[in-house]
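Each chain is listed here by its residues.
Number of protein chains: 2
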Amino acid sequence: MPKPSKREDLLASALEVFHTRGFHGTGIKEIADAAGAPKGSFYNHFASKEECAVAALRRYGAEQRFDLLTDTSLPPLERIRRHFEFLRDGIAGRDFTRGCLVGNFATDVVDHSELIRSAVADGLGSWYELIAGALTEARRDGAVRADLDPQATAHFVVNAWEGTIIEARATRSAAPFDTFFQLIFDVVLR
Amino acid sequence: MPKPSKREDLLASALEVFHTRGFHGTGIKEIADAAGAPKGSFYNHFASKEECAVAALRRYGAEQRFDLLTDTSLPPLERIRRHFEFLRDGIAGRDFTRGCLVGNFATDVVDHSELIRSAVADGLGSWYELIAGALTEARRDGAVRADLDPQATAHFVVNAWEGTIIEARATRSAAPFDTFFQLIFDVVLR
Chain B
1 MPKPSKREDL LASALEVFHT RGFHGTGIKE IADAAGAPKG SFYNHFASKE
51 ECAVAALRRY GAEQRFDLLT DTSLPPLERI RRHFEFLRDG IAGRDFTRGC
101 LVGNFATDVV DHSELIRSAV ADGLGSWYEL IAGALTEARR DGAVRADLDP
151 QATAHFVVNA WEGTIIEARA TRSAAPFDTF FQLIFDVVLR
Chain R
1 MPKPSKREDL LASALEVFHT RGFHGTGIKE IADAAGAPKG SFYNHFASKE
51 ECAVAALRRY GAEQRFDLLT DTSLPPLERI RRHFEFLRDG IAGRDFTRGC
101 LVGNFATDVV DHSELIRSAV ADGLGSWYEL IAGALTEARR DGAVRADLDP
151 QATAHFVVNA WEGTIIEARA TRSAAPFDTF FQLIFDVVLR
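These protein sequence lines map, in sequence, to chains B and R. Reminder that position 46 of the first sequence reads as 46 in UniProt numbering, one-by-one numbering, no gaps. Reminder that position 72 of the second sequence reads as 72 in UniProt numbering, one-by-one numbering, no gaps.
Read the hints as simulated data drawn from the structure, not as lab findings. Quantities reported herein were computed from a predicted structural model and do not represent experimental measurements. Misleading hints may appear alongside valid ones.
Unchecked claim - Covered by chain R, according to a simulated footprint, are these stretches of chain B (three or more residues, beta-carbon under 8 Å): (1) 49-59; (2) 153-162; (3) 171-182.
Said to hold, decoys possible - Derived DSBU-like pairs (lysine-lysine); straight-line CA-CA distance at most 35 Å: (4) B/6 with R/6; (5) R/39 with B/29; (6) B/39 with R/29; (7) B/29 with B/39; (8) B/39 with B/6; (9) B/39 with R/49; (10) R/6 with R/29; (11) R/6 with R/39; (12) B/29 with B/49; (13) B/39 with R/6; (14) R/49 with B/29; (15) B/29 with B/6; (16) R/29 with B/29; (17) R/29 with B/49; (18) B/39 with R/39.
Claimed, not checked - Which residues of chain R face chain B? A partial, calculated answer using Cβ under 10 Å: (19) 44; (20) 46; (21) 126; (22) 174; (23) 176.
Note that CB positions come from ideal geometry on N, CA and C, so glycine has one too.
Using the sequences plus the hints, can you model the full thing?
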């Protein structure tokens, strides 16, 4: 029976290496090396690099403060703002490298792995639902215009965020985040 | 003296392979094979895979109908709409695979190549300028609200587009494009 703690070590290393080097740039040996484990032990815990990538994506999701979006101690728009501020600070704190693992896998590997494509679609779907929930509350509270469509707007906000990261990475600048917050909160969610 | 036509063949192959497999998934041998050229001939035309990727990115840009954005026979917002419709049709016509080479390189390789990062930033910069030019005209014509900031809005529109592609690829669906057009033209550019 493989030790659970070794799986945790491998998963933490996998997340780090996938996030830094991308799916295609990551080898199983690098994941094992980063966890201080022999390469062969990888397959005691994961059936394939793809399956490990899906597990890494789930772990990544668990670290993105989605809990902020359902924190009823805050007004709904403030929850959305704080969630994206948290994501922004993470990317800025890594000098605008690495980006978002969801967006990375979506450009890097969805064409080549149905398993990962499905996990990326599920991850995005959960994110849209949480934002749509907060927007539905905001509309009920009169904090956004009455004709705002929470579902469509949630997709748009998240997608705009993912594209904002592209500019932030390419220009190594926080300015695209400022523009995102300005346009989303002053124009889209008015 | 290397034949220019062979460089063209290699460049066309490089664009195809980079777009299909990503930077890290592409080998020089695959580019040469796809062009029917010996691997060694690649270096008669390109100093490195990176330099070839930058040339492929420029060629890709030349095919994206940026000319629509300065077509003064059309109202400015219509130019923007037709440009993004052209991009949408290209992606939908490939069953939502491949995405946008600018966005792909921005997630796949900007952290690892300063040459490509700079080319991606330049490509985005030219795109923002063309959209900002059309938005400036639209504001002058009263087709958008008077307080719209053409520069910030241009960045936002292009970035939202790049993120929209992420959802379209992950879900293999045109619905994200519909949402993009709805939110951009009915809400952001009102």
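field: residue 126 of chain R as an interface hint toward chain B, with CB separation required under 10 Å
entry: 12 Å, violated
task: Could you grab the alpha-carbon distance between residue 39 of chain B and residue 6 of chain R and see if it respects the 35 Å cut-off?
output: Distance ~43 Å between residue 39 of chain B and residue 6 of chain R Cα, so the pair is violated.
message: Closer than 8 Å Cβ to Cβ for three or more residues is the test here. Does the segment 153-162 of chain B pass it with chain R?
response: Holds, because 8 residues of the segment 153-162 of chain B bring their Cβ atoms closer than 8 Å to Cβ atoms of chain R.
- request: Compare the distance between the alpha carbons of residue 29 of chain B and residue 39 of chain B with 35 Å, and conclude whether the hinted pair is satisfied.
  value: Measuring from Cα to Cα gives roughly 5 Å; hence the hint holds.
query: Does the alpha-carbon distance linking residue 39 of chain B and residue 39 of chain R stay inside the 35 Å limit?
result: 32 Å, holds
- request: For the pair supplied as a hint, residue 29 of chain R and residue 49 of chain B, confirm whether the alpha-carbon distance does not exceed 35 Å.
  value: Given that 35 Å is the threshold and the Cα spacing comes to 25 Å, the pair holds.
query: Should the interface hint for residue 46 of chain R be scored as holding, given a Cβ-Cβ cut-off of 10 Å against chain B?
result: 21 Å, violated
Proposed proximity, residue 29 of chain B with residue 39 of chain R (alpha carbon, max 35 Å): Answer holds: residue 39 of chain R to residue 29 of chain B is near 28 Å, not above 35 Å.
message: A closest beta-carbon separation below 10 Å is what the hint needs, so does residue 44 of chain R meet it against chain B?
response: Because about 27 Å separates residue 44 of chain R from the closest Cβ in chain B, which is outside the 10 Å limit, the hint is violated.
query: Within 35 Å, alpha carbon to alpha carbon, are residue 39 of chain B and residue 6 of chain B?
result: 12 Å, holds
field: Given pair status - residue 6 of chain B, residue 29 of chain B, alpha carbons within 35 Å
entry: 15 Å, holds
message: So, as I understand it, the hint says residue 174 of chain R touches chain B; can you test that by seeing if any CB pair is closer than 10 Å?
response: Violated, about 13 Å.
Comparing the model with each numbered hint stated earlier shows that hints 1, 4, 13, 19, 20, 21, 22 do not hold.
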